[in-house]
Amino acid sequence: MACAAPMQAAPAPAACGCETPSEQTSREACLCNMSLAMSYVLMQGWAQTYEPAVALSRGTIFPELDLPFLAAGRIC
Amino acid sequence: MENNMNCGCTQNALTGPTAMQLAQAGFVIFDLLLYLDTHPTDQNALSYFAAKKSQYEQAKAAYVQQIGPVRISDVDPADGWTWGETPWPWEV
Chain A
183 MACAAPMQAA PAPAACGCET PSEQTSREAC LCNMSLAMSY VLMQGWAQTY
233 EPAVALSRGT IFPELDLPFL AAGRIC
Chain B
26 MENNMNCGCT QNALTGPTAM QLAQAGFVIF DLLLYLDTHP TDQNALSYFA
76 AKKSQYEQAK AAYVQQIGPV RISDVDPADG WTWGETPWPW EV
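These protein sequence lines map, in sequence, to chains A and B. Under the working numbering, the letters of the first sequence match residues 183 to 258, in that order. Under the working numbering, the letters of the second sequence match residues 26 to 117, in that order.
Keep in mind the hints are simulated off the structure, nothing from the lab. C-beta atoms are modelled at their ideal positions from N, C-alpha and C, and glycine is treated no differently. One or more hints might be untrue.
[As the list claims (entries may be wrong)] Cross-link-like lysine to any residue pairs, in silico, SDA-like; alpha carbons within 20 Å at most:
1) K77(B) x Y232(A)
2) K77(B) x G227(A)
3) K78(B) x A219(A)
4) K77(B) x F244(A)
5) K77(B) x S217(A)
6) K77(B) x R240(A)
7) K78(B) x A229(A)
8) K77(B) x A87(B)
[Stated by the list, open to error] Cβ pair distances, simulated, as ranges:
9) M216(A) x R96(B): 29 to 35 Å
10) F55(B) x V223(A): 18 to 24 Å
11) W115(B) x S217(A): 48 to 54 Å
Start from the sequences and build out the full structure, keeping to the hints where you can.
Take a look at the structure:
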């Protein structure tokens, strides 16, 4: 199936009041400069599963959800 | 998980399910719960849930019979206060 053209996102506000140098390193300053976006989640389908011992160790029975989450704390 | 030979328990823990095996079996059906909440008509998942639920129930029944209660509702007062007198999960 052909993909539809992506919808155009609205540009981020030029200024949101938190660009002063003293705030550049704060979490809020980083977030307020980010563009708006649309998120989506694919519908999971049934597939193979881990053996129980592996599943408990990995925190999921689904290999396709056994993903590394390396971005925590690295927003800026 | 290896059985602790020094647990002092009188039951034969070596032939029954370990607490870790019970936790593993329980985790499988709990994760299936999350999948089935969003895929309630997935027949493959329902069949797998039925099989894994049965395995968990058998393992839990064997654990309760051979080692002790897992939940407070597993305690049969006719056997005395087994909740406090049988090995803790980390002792099995």
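Hint by hint, here is what the structure shows:
no., hint, verdict
1, K77(B) x Y232(A), "holds, 12 Å"
2, K77(B) x G227(A), "holds, 19 Å"
3, K78(B) x A219(A), "violated, 41 Å"
4, K77(B) x F244(A), "holds, 14 Å"
5, K77(B) x S217(A), "violated, 45 Å"
6, K77(B) x R240(A), "holds, 18 Å"
7, K78(B) x A229(A), "holds, 18 Å"
8, K77(B) x A87(B), "holds, 15 Å"
9, M216(A) x R96(B): 29 to 35 Å, "violated, 46 Å"
10, F55(B) x V223(A): 18 to 24 Å, "holds, 21 Å"
11, W115(B) x S217(A): 48 to 54 Å, "holds, 50 Å"
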